Amino acid sequence: MTKTVTKGASRRQFMTGAAATAGMAAAASFVPTRFAIGAKAPVKVGIMLPFSGTYAMLGNSITDAMKLRIEQAGGRLGGRPVEYATIDSEWTPAKGQIKANKLVKKDRVDFVVGPVHSGIAMAMSKVLLRDRMPIWIIPNAGNNLLTRDHCAPHVFRTSFTNWQSAHVAGELMAKEGVKTVVTCTWKYAAGIQMMEAGKASFEKAGGKVIKEIWVPFPDVEFQAYLSEIAALKPDAVFSFYSGGGAIKYVKEFAAAGLRDTIKLYGPGFLTEGVSRAQGEAAEGIKTALHYADNLGTPEDNAFRAAYKKAYGKDPNVFSVQGYDTGSLLLQGMAAVGGDVGARADLIDAMETATFYDSPRGVWRMSKSHNPIQDIYIRRVEKGRQISVGIGAKQLEDPGTGCKMIA
Amino acid sequence: MDIAQFLVQVLNGVQYGFLLFLVASGLTLIFGIMGIINLAHGAFYMFGAYVAFWLTGVTGSLAAGILLGLPFIIAIGFLIERFAISFLYSRDHLYQVLLTYGLILIFNEMQKILWGTDFYSVPVPEVLSGSIPLTENQAYPVYRLFISLVCLGIAASLYLVIGRTRLGMMIRAGASNREMTQALGVDITKVFSVVFSLGAALAAFSGMIGAPVSAVYPGMGDHILIISFVVVVIGGIGSIKGAFIGAMLIGLADTFGKVLLPELASMTIYALMALVLLWRPQGLFGRPAT
Amino acid sequence: MTGPWPLRLTLLAAVGGLAVFPWVGDPFYVELVIHLMILGIFAMSLDLLMGYTGLVSFGHAAFFGISGYLLALMTPESGGLSIWLALPVCLAGTAVAALVVGWFSVRTSGIYFIMITLAFAQMAFFFFVEHQDFGGTDGLFVADKPFVGFGGWQLLDLRDEHSFYFFTLGLLVVTYLLLAMILRAPFGQVIRGIRANEARTRALGYPTQRYKLISFVIAGTFAGLAGFLEAAHTEYVSPSHLGWHESGLVLMYVILGGMGTLYGPVLGAFVMGLLHDQFQDLTEHFNLVMGFFVIAVVLFLPDGVAGLVARLGRARGGGPADPPR
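Heads up: the sequence lines are chains A, B and C, in that order.
So for the first sequence, numbering that gives the first Met the number 0 puts the first residue at 0; every next one is plus one.
So for the second sequence, numbering that gives the first Met the number 0 puts the first residue at 0; every next one is plus one.
So for the third sequence, numbering that gives the first Met the number 0 puts the first residue at 0; every next one is plus one.
Read the hints as simulated data drawn from the structure, not as lab findings.
None of the values given here were measured: they were computed from a predicted structure.
We treat Cβ as the ideally placed atom computed from N, Cα and C, and that holds for glycine.
A hint or two may mislead.
Unchecked claim - Computed list of chain C residues with no C-beta within reach of chain A, every gap over 12 angstroms:
| no. | residue |
| --- | --- |
| 1 | Phe27 |
| 2 | Arg199 |
| 3 | Gln279 |
As the list claims (entries may be wrong) - Chain A regions said to be covered by chain B (calculated; three or more residues, Cβ under 8 angstroms):
| no. | region |
| --- | --- |
| 4 | 48-55 |
| 5 | 93-103 |
| 6 | 353-362 |
Stated by the list, open to error - To spell it out: a stretch of chain B is covered by chain C in this simulated footprint if at least three of its residues, at any positions, have a beta carbon under 8 angstroms from a beta carbon of chain C; those stretches are:
| no. | region |
| --- | --- |
| 7 | 229-236 |
| 8 | 271-282 |
If we strip away everything but chain A, and leave its shape as in the complex, we get (with noise of 0.2 angstroms):
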């Protein structure tokens, strides 16, 4: 690996500063070579995802849906059993490392799962980069730097970038003849990758933002906000939040009768597992994802049936990220026969297979190992999202920076 500094991202910030210390990688003295000792020993898969905390749903729905996927094939990757090692990621990136690094040293995983927070991806990547091994699949944190400047062979993330599902809400808005728009949104990394995605789009299709509001993240006191954009009288409000902010800002927005005269749109989370307790509020809301609840292709009917079967609930976007965690792993190991000492090889196939039995519609792997892959747009209704549409077919993140892509 060289030393990648690109604009916008110096060597100190995200990613770059691990993979230019490839001098250190002879600390990666362990090499698994158990498929030397038998091919029968578990594959160890460790999962570092919040499991307490606000963002726990994510962390349980990535877990439960990867292990059913897994288990649906018969519980093997590659013929061999799995074992999983799992440690709770909470939610500060100030002790990532060192759990990381149980995964890595103590636990000696073939696989990290994880994480679901970006700055935890940021303290993990010391760990992981540095060594070059475990194989490192991200199953939410969607920094597009992630598979940007900072891409290495052996990252892979399963669910999007920030800029994929942005890009194509903020196309949306244009094409629903929307001419002004004011942002508000939580001011941390995803927030502000989100909202630069969607500003362009929009404003290359004509549009203009003629504010944006940032919100110190994560405060849900959205009061004196909304009366900020009532004042400003956009065409429509564009925001990106998440979980129980999601939930506040969509029933205050509601309540303060801005949606009789602004349209609130945004990147798919606005709304996605939130919802229902949403209720009436999200009626109508237009987002941008890379799931909805009414594709009705047999592989999500059957995907949507076996979730709910097996954890009493419908799935949502990060359950079916989890799932394709499963299906990655599986894919790549039956190439391999369970061989995880045939790196090169268990890359490739990682690097080159298409997910036809996905929940969210046929993807693959870019070059810079994010997926390709269909943005719907979806619409709120009776709680549920339901598609209206392809907002952008087979979308590919630009990878700028990425040294993989040739």
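Based on these hints, arrange chains B and C on the given structure of chain A.
Positioned in the frame of chain A, the structure of chains B and C alone reads:
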């Protein structure tokens, strides 16, 4: 900002202040009277919201949920005071901090076990679900006004109970001189049990009544905890009047900070607290340290 | 070292145990112990305030984090920053920050002191969250570990895990000895006097505000040392390093370990850290177990874990082994 906008933002600030007072009032009681830094205050708030969510789902009515849920929370508060905190009165206050930290861990985990990790909300009661037009395109939810009224009611009752009743007299006496009050024949342990249960109930109640304008999710008590302490400290510990003024100041400062100084919005309330403490090291209405 | 001989022997044995651990311990636990030793330094620094000066800071992580950010910002992309430059700058930087915060804070006392330190720490926290130049919520990398050597000649390779371990262990011992020395000096007597009775100490003619401020700056600087080590070790720093959760945790280490003993807070960090690690493997509901454990310590160990150690020492050694107060 024109005058209409200004007034709307004042309304937002005052409204937020009411909510803050509600959560902070229980903290200032426990704090001022028992000298306990109750880190579990946010956990009680969260628990209240979850109990409201649960019982509203069962009974179909928020009011019924609150009425059924409050005795439950009061009982928990009472048990915690009797079987844990009461052993610590003679020890350094910091052990109580550690104990209530342990309580946070237990409460959070119990919430996970009982209700899982999904995001929930509580619908606004039908009769209060309307809204009042404010400007040409903004309306004000009736429920928020209702919360403000409830807060005013609670502020007034607390003020009267503590200032005018026998219980209030005992509480005040216990706060200023524990030994002397005891020597005069007041059973201070009972007073403390009552105060702690009441404080816990107030925290839970604000979680309950706030649930329809908020969301119910894991970790929701965290932010509330810190901001409640800010309110209490600005107002001066143990002063209901102080907590009220402090809550209004924070509500307004936060609102106008967001509108006028958006870059610094996250720091406004802390800067305000630092300034107040530099000006009056014991808060606005606190007794000077002896 | 201070204290009666059974305690000294116990502490020496503990340091001896730590010194051989890298040769016998699992690589992950070597890593974890480095982290815990760093937290031990951090907790000791807070003990100077809490256990000896009577000032409870709820914003101590600010200095821990600021030091890390200073290291991240001054380390050039090419690496090779000399520790003789990095460490003094980080320590001086945190000392200045502590001086500013302390100058305002020591005017208050009790809970108001707790809250004003929290206020400053929160402002620092949001400063780093808001500034995208400093990485925002994602934080910053430290490009490389500092270089320990003279000229081009390397004394110690911090990139080597064992070297870093002993470097940290050495600094843990040095911190303990320095703080113990400070506490034995007249300065230490005065701050203890402040904790016992500030009015009386003032009446004796000591400018107590100034003493409190100096104590605050010393504590902040040692927290900066811990922050420097943590950032150098993990090569990463983020706003969460200076959030109130971190400040709260270190406060818990001090109380749980035993205030006013210096070694107690280190024990606290180790006990909490190791139990957290073990409980996490045992049950999904490890926080429940941790919660009950914390409450049990409060109810049954009046002087924290250190009190238990002292009691055992007394039972065995016969001499009075009360922690220095």
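Verification of the supplied hints:
With 12 angstroms as the threshold on Cβ separation, the claim that C/Phe27 sits away from chain A is violated: the shortest Cβ distance comes to roughly 4 angstroms. Against chain A, the non-interface label of C/Arg199 holds: every CB pair exceeds 12 angstroms, the least being about 41 angstroms. Here C/Gln279 does not stay apart from chain A, with its beta-carbon only about 7 angstroms from theirs, under the 12 angstroms limit. Counting residues of the region 48-55 of chain A whose CB lies closer than 8 angstroms to any CB of chain B gives 5, which reaches the minimum of 3, so the coverage claim holds.
A stretch counts as covered by a chain when three or more of its residues have a beta carbon under 8 angstroms from one of that chain; for the region 93-103 of chain A and chain B the count is 0, and the coverage is violated. Only residues whose beta carbon comes within less than 8 angstroms of a beta carbon in chain B count, and the region 353-362 of chain A has 0; fewer than three means the coverage is violated. For the region 229-236 of chain B, the proposed coverage by chain C is satisfied: 3 residues have a C-beta within less than 8 angstroms of a C-beta in that chain, meeting the threshold of three. For the region 271-282 of chain B, the assignment as covered by chain C holds, since 7 residues bring a beta-carbon within under 8 angstroms of that chain's beta-carbons and 3 suffice.
The structure fails hints 1, 3, 5 and 6 (numbered hints given earlier, in ascending order).
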